[in-house]
Amino acid sequence: MADAVTRELAEGFYKALADLNFEALETYLDDNVSWTMRGPVDVLPYCGCHTGKATVLRLLGRDIPALFDKRRLLPHSMLVDGDYVAVFGVLTANRAGSRRKVTCRIAQFIRFAGGKVVAYTSILDSFDAAEQMLGRPLKVARAGNGHALAV
Amino acid sequence: MTELLSRQRVEAFYKAYATRDPEKVAPYIHDDVEWTVCGPVDYLPFCGTHRGKASILDLIGRRVQAVLRTYSFVPEAILVDGEQVAMLSRQSAWRAADGRAISYRVANYMRFRDGKVLHNLSLIDSFDVVEQVLGHPLPVPSKHHDDGELIAI
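Line by line, the protein sequences give chains A and B. Take my numbering: the last position of the first sequence gets the number 151, and nothing is skipped along the way. Take my numbering: the last position of the second sequence gets the number 153, and nothing is skipped along the way.
I should point out that these hints are in silico values taken from the structure, not numbers from a laboratory. Remember, it's a predicted structure, so these values are computed and weren't measured experimentally. From the three backbone atoms N, C-alpha and C, an ideal C-beta is built for every residue, glycine too. Any given hint might turn out to be false.
Said to hold, decoys possible - Short derived list, chain A residues pointing at chain B, Cβ under 7 Å: (1) GLU11; (2) ARG105; (3) PHE109.
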């Protein structure tokens with residue numbers, strides 16, 4: 001199979017990502033990498049779709065650390081199949097400048113081509129993550145017209 | 001000896017699961033299955049951890065359908081690694097209440113035993129799904145206050 005990813009390559013990239021080893025990350029990312037993190041940008045402003053190695057490195061090196069300290073990725077399972085790697089685990093971090101800790105489950109799908117990461121997609125339980133970021137439950141009442149109201 | 005899980009078996013399960021028909025899904029579900037869907041139960045009442053084959057078939061065939069009627073479940077990636085399976089899919093559904101279409105991505109991590117699902121973890125962008133189910137944005141303040149709280153502007 002063309003471009004089959006080895007577990008060694010997958011683990012090497014993931015370690016670089018978890019450790020935020022930018023020198024190593026630069027060697028793993030394709031110049032045109034597509035990096036998508038699903039989540040509410042009003043609460044987690046780094047979420048969304050980002051394209052290009054320089055953009056992704058800036059995102060990981062500046063934008064996310066501006067919001068979080070002590071970010072840790074704790075993988076529970078890593079699957080490698082063909083050109084894809086999937087990781088399910090837990091993300092923990094502290095809100096920058098506060099003691100508020102955020103912990104949530106995360107799924108990451110990483111596609112390789114030519115030994116480089118060309119696409120990354122992460123999905124997390126974003127409602128739970130948003131509540132932890134806000135430090136309170138998101139309670140919503142349904143008005144008669146169906147509109148959501150804060151309560 | 002544990003049966004080796006084939007891609008063919010996983011794809012057959014996926015096809016059955018996409019129908020949300022309990023009769024078609026049943027042959028692929030282990031009696032001792034544990035099935036977790038992450039999300040707020042206040043708004044998505046099918047979320048939480050469910051155990052046992054009958055409970056999971058009821059979840060797939062009735063409880064989820066009471067909120068969302070899935071009409072499309074398209075794989076973007078299906079990984080098979082030993083007895084573990086990871087799936088990234090685009091799920092499209094009609095809201096049961098009014099038929100409004102909603103669409104979101106879902107990630108599934110599964111562990112099979114003897115060709116049947118023993119463990120499932122479903123992760124969805126739950127904030128987005130709740131907004132789509134409600135039909136309106138959630139009232140989240142848009143600016144961070146200095147003390148770390150969020151305030152509306």
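For each hint, the structure was consulted:
| no. | hint | result |
| --- | --- | --- |
| 1 | GLU11 | 13 Å, violated |
| 2 | ARG105 | 6 Å, holds |
| 3 | PHE109 | 5 Å, holds |
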